[in-house]
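Chemist: Residue numbers (full-length UniProt numbering), protein chains in the order written: chain Y, 1 to 137; chain L, 1 to 224; chain Z, 1 to 421.
Because the hints were derived from the structure by calculation, they are not lab data.
Cβ atoms here follow ideal geometry from the backbone N, Cα and C, with glycine treated the same way.
Any given hint could be a false lead.
What the hints assert, rightly or not - Restricting the straight-line Cα-Cα distance to at most 25 Å, the calculated cross-link-like pairs of lysine-lysine (DSS-like) are:
#1 Lys213(L) / Lys8(Y)
#2 Lys159(L) / Lys181(L)
#3 Lys216(L) / Lys8(Y)
#4 Lys45(Y) / Lys97(Y)
#5 Lys97(Y) / Lys92(Z)
#6 Lys96(L) / Lys114(Y)
#7 Lys76(Z) / Lys80(Y)
#8 Lys45(Y) / Lys300(Z)
#9 Lys317(Z) / Lys214(L)
#10 Lys50(Y) / Lys92(Z)
#11 Lys133(Y) / Lys213(L)
#12 Lys8(Y) / Lys214(L)
#13 Lys96(Y) / Lys92(Z)
#14 Lys96(L) / Lys410(Z)
#15 Lys8(Y) / Lys105(Z)
#16 Lys410(Z) / Lys8(Y)
#17 Lys82(Y) / Lys105(Z)
#18 Lys198(L) / Lys213(L)
#19 Lys213(L) / Lys317(Z)
#20 Lys221(L) / Lys8(Y)
#21 Lys111(Y) / Lys80(Y)
#22 Lys87(Y) / Lys68(Y)
#23 Lys105(Z) / Lys92(Z)
#24 Lys317(Z) / Lys216(L)
#25 Lys58(L) / Lys133(Y)
#26 Lys50(Y) / Lys105(Z)
#27 Lys76(Z) / Lys221(L)
What the hints assert, rightly or not - Ranges between beta-carbon positions, derived for each pair:
#28 Ala328(Z) / Ser105(Y): 49 to 55 Å
#29 Asn14(Y) / Lys224(Z): 40 to 46 Å
#30 Lys58(L) / Glu182(Z): 38 to 44 Å
#31 Thr360(Z) / Ala208(L): 38 to 44 Å
#32 Gly228(Z) / Pro127(L): 28 to 34 Å
#33 Ile84(Y) / Pro107(Z): 34 to 40 Å
#34 Lys114(Y) / Glu342(Z): 31 to 37 Å
#35 Ile59(L) / Thr117(Y): 29 to 35 Å
#36 Lys300(Z) / Lys181(L): 54 to 60 Å
#37 Gly125(Y) / Arg325(Z): 26 to 32 Å
#38 Ile59(L) / Glu7(Y): 18 to 24 Å
#39 Gly125(Y) / Ala301(Z): 26 to 32 Å
Spelled out from the first residue to the last, the chains are:
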Amino acid sequence: MTIRALEKVSVGQNGVGAFILQCKRMDIHYCDYSGSSRGMNAFIKSQLAKFASTHPQIEFAVSPRPRKHPVLTGHYINGKHKSICVKNMDSLQILKKAELLRDASGEKIRKVNKPITSITESVRGVWSPYHGKGMAV
Amino acid sequence: METRHLLRPLSSLSSSTTTTATASAMSSSTSPFTRSIVAAATGRRHQSTTSRTKKMLKIPPHPDFLTPREGESHIIYNPPSAAPSVYHTPFKFLPKTDPRRQANLTQLIRSSADLSGPSANANNLPPPSTKREGAPKMYNVTREQVDEMRTLRAEDPAKWSVQKLAERYKCSHLFIMMCCKAGPEHKAQERERLEAIKARWGPIRSGAREERKKRKALLFKGAI
Amino acid sequence: MKRIRIDRLSSQLLAATPARPPPSSNRIPRALAASRLSPAPSVCQTRCQSTAASPEVIYEDAGRDVAAPKPIDYSKRPLPSPHPDRALRSAKLAALHARLSLSSKIPLQTLARTLIDPSADAHPRFNNVNLAFVGAALLQYHTSEFLVTRYPRLPMTILFAAMKGYAGVPALHQIARAWGIEAAATPGEEVDPGLLQFAPDRPTVTMNRWGYVRAESKELQRYKWRRGVSSRILYDDAFGELVPGESEQSHDGLELSKQRNTKDMIVEDVAQNAHANFVRAVIGAVYLHCGRDVAKTFAKAHVLSRQLDLANLFNFKLPTRELVRLCARENFDAPVARLLSETGRLSRTPVFVVGIYSGTDKLGEGVGPSLDAARISAAINALKSWYLYSPGDTVGVPSDTLAEDAAPWKPVYVDIGEIIS
Numbered sequence: 001m002t003i004r005a006l007e008k009v010s011v012g013q014n015g016v017g018a019f020i021l022q023c024k025r026m027d028i029h030y031c032d033y034s035g036s037s038r039g040m041n042a043f044i045k046s047q048l049a050k051f052a053s054t055h056p057q058i059e060f061a062v063s064p065r066p067r068k069h070p071v072l073t074g075h076y077i078n079g080k081h082k083s084i085c086v087k088n089m090d091s092l093q094i095l096k097k098a099e100l101l102r103d104a105s106g107e108k109i110r111k112v113n114k115p116i117t118s119i120t121e122s123v124r125g126v127w128s129p130y131h132g133k134g135m136a137v
Numbered sequence: 001m002e003t004r005h006l007l008r009p010l011s012s013l014s015s016s017t018t019t020t021a022t023a024s025a026m027s028s029s030t031s032p033f034t035r036s037i038v039a040a041a042t043g044r045r046h047q048s049t050t051s052r053t054k055k056m057l058k059i060p061p062h063p064d065f066l067t068p069r070e071g072e073s074h075i076i077y078n079p080p081s082a083a084p085s086v087y088h089t090p091f092k093f094l095p096k097t098d099p100r101r102q103a104n105l106t107q108l109i110r111s112s113a114d115l116s117g118p119s120a121n122a123n124n125l126p127p128p129s130t131k132r133e134g135a136p137k138m139y140n141v142t143r144e145q146v147d148e149m150r151t152l153r154a155e156d157p158a159k160w161s162v163q164k165l166a167e168r169y170k171c172s173h174l175f176i177m178m179c180c181k182a183g184p185e186h187k188a189q190e191r192e193r194l195e196a197i198k199a200r201w202g203p204i205r206s207g208a209r210e211e212r213k214k215r216k217a218l219l220f221k222g223a224i
Numbered sequence: 001m002k003r004i005r006i007d008r009l010s011s012q013l014l015a016a017t018p019a020r021p022p023p024s025s026n027r028i029p030r031a032l033a034a035s036r037l038s039p040a041p042s043v044c045q046t047r048c049q050s051t052a053a054s055p056e057v058i059y060e061d062a063g064r065d066v067a068a069p070k071p072i073d074y075s076k077r078p079l080p081s082p083h084p085d086r087a088l089r090s091a092k093l094a095a096l097h098a099r100l101s102l103s104s105k106i107p108l109q110t111l112a113r114t115l116i117d118p119s120a121d122a123h124p125r126f127n128n129v130n131l132a133f134v135g136a137a138l139l140q141y142h143t144s145e146f147l148v149t150r151y152p153r154l155p156m157t158i159l160f161a162a163m164k165g166y167a168g169v170p171a172l173h174q175i176a177r178a179w180g181i182e183a184a185a186t187p188g189e190e191v192d193p194g195l196l197q198f199a200p201d202r203p204t205v206t207m208n209r210w211g212y213v214r215a216e217s218k219e220l221q222r223y224k225w226r227r228g229v230s231s232r233i234l235y236d237d238a239f240g241e242l243v244p245g246e247s248e249q250s251h252d253g254l255e256l257s258k259q260r261n262t263k264d265m266i267v268e269d270v271a272q273n274a275h276a277n278f279v280r281a282v283i284g285a286v287y288l289h290c291g292r293d294v295a296k297t298f299a300k301a302h303v304l305s306r307q308l309d310l311a312n313l314f315n316f317k318l319p320t321r322e323l324v325r326l327c328a329r330e331n332f333d334a335p336v337a338r339l340l341s342e343t344g345r346l347s348r349t350p351v352f353v354v355g356i357y358s359g360t361d362k363l364g365e366g367v368g369p370s371l372d373a374a375r376i377s378a379a380i381n382a383l384k385s386w387y388l389y390s391p392g393d394t395v396g397v398p399s400d401t402l403a404e405d406a407a408p409w410k411p412v413y414v415d416i417g418e419i420i421s
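Here chain Y stands alone, though its shape is the one from the complex:
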């Protein structure tokens, strides 16, 4: 027996097998007095409870931040966070922003110029000039 083994660790992809929502915590900051927080206060009063109950995977933290604009911050599993200033927005717009934070993966925004990103090997393999029958052009 001459074979020895190399140590490798399996690689997981979110959504293959199980899906884990990447947004794990959402911080909601508001101000009681300033006008820019009017929409945020309405959001907290009317829509936050429903939004939070439909997303039990996310930990919500509501805290006042006096004399500052209202901010939504999403914390992600990869350790990054994403903040959105929601000053002067109405509650529906803020809901949209909260959904944006929920759907984000936490990765940096970068240009995707390949239609498919996969770690699965291609069925037909990598093209090689030394194989195949070829054809006359």
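Following the hints, put chains L and Z in place on chain Y, whose structure we already have.
Modeler: Only chains L and Z this time, still in chain Y's reference frame:
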């Protein structure tokens, strides 16, 4: 205005070159040089890259994808032009109970595993990679010869080196080394000689040897 | 409300055995054994920082067996881990429960318990040792049955490496990280129950390794005795790694602690181990509260669905010789290397494509910059395609038959064994 100034000498040049070139390039009807000159003279300075590449890429489909003339049902078989994957078990390696072996796919798997050609006859196989590859084993050294070989090697290992003995008995170096062992002093001497040679190597050569060792290790890991 | 520690109040109850591992397994959980036998872990769990408290603690420990120590107000001592009742009020824990899509049958208290490593709380009723033991047994069972039925010809060393790649500590650590687990800076009563709690600097807490402890494990470690592969199947842990002996752990505890303090690598291993144990404990909790099938589905979804390219695990030594032995064993024609195509033989960068043929069948092919390298890589590919034979994705596993109204077990392909050369 300026373009006309520019064009005029060009056109005159082109007419002169065409007249001179026709004489020389009568046999080869249009050399690329004259073609470009003519194109410049007629006002088309260059061809559009998109249209050219599109035209170049317009090739008929691979013959495998063409329907046969009779219009009968057929299977498109076009194996990938890629190195075969190790997850595709060769037909010979399939166990007896495997459904792939039991189903009537024998011919298909045989031909897909073999990319050298459609028929895998014994005559049609590619050539062996080296001359000795696949040659039948000779087993030509007798027991007496082995004993003689051992005495020779024990007498004078410097004179009867492995190479000399292999030449004499017409067998491989490995077989000689399996049969007889040199004494410890000869081994030490040889090692000393090798060390002296290695000491003379410069950084480039010794570095290259190191790299070769690393490449070998990577090869056995399947990394290259 | 404070939890009362019975073992602190009376020394007789200290010897009470906690829940035993399943009787079917003959392997002994090391951490369990350690926490059951030696009183040392309860020393380390005291978190009294003040100088006044520490001599008291030492006195209490030394005099435990001799006489009843003078009464200490235990209710003022902080607990080593958060109270189970606090689990219901932790947002992090509820979010984790929902993120893993766990069934509502699994209470939050159990999930909180899976997050407590024995290095944080040595009491086996409050840490995750027992759950992790059940989870590890299940996970290793499902991983091994998946690998053995899917790739019946894998050599044993590769099987061990694949087991480790799927269900070993590094893989489980990555899974825990992908679940969004955060570790508490230091364990304690005041910590949020949704954080993973372990203490990297506790010297006396044994690491959780499960397996058969060999009688000669001490000598194996000291003199580097050889361990054959076939003995690794019977003894040792599920990954073919040596389980350190009991005596070595308990006697050389001080020495070990020094080592751990000096070597950063081992300290890092503590964090990885804690994360891995958490994943195992979650699987154990799923099994306990939801049953076998749900636990199997959970393990499949989170662990076995990950990708591990088994072809990259092989490290050959004598591939050509092994291929010759294989062909002789299986009564194939002797393998012959044949040149399929080449380019630039006299240039600086030649490429040769060599195929290995047995009779008229091609067994494998390889590309290399020299004829020899191409031949070796072709032999490697041929051997890999032998070892990586798979009966298909749809092959059943033995645990499928455990369900009621399951179809009778159809025997899978069993190989005669790896090539000996």
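Chemist: Which numbered hints does this structure break?
Modeler: 6, 7, 8, 11, 15, 16, 17, 27, 30, 32 and 38
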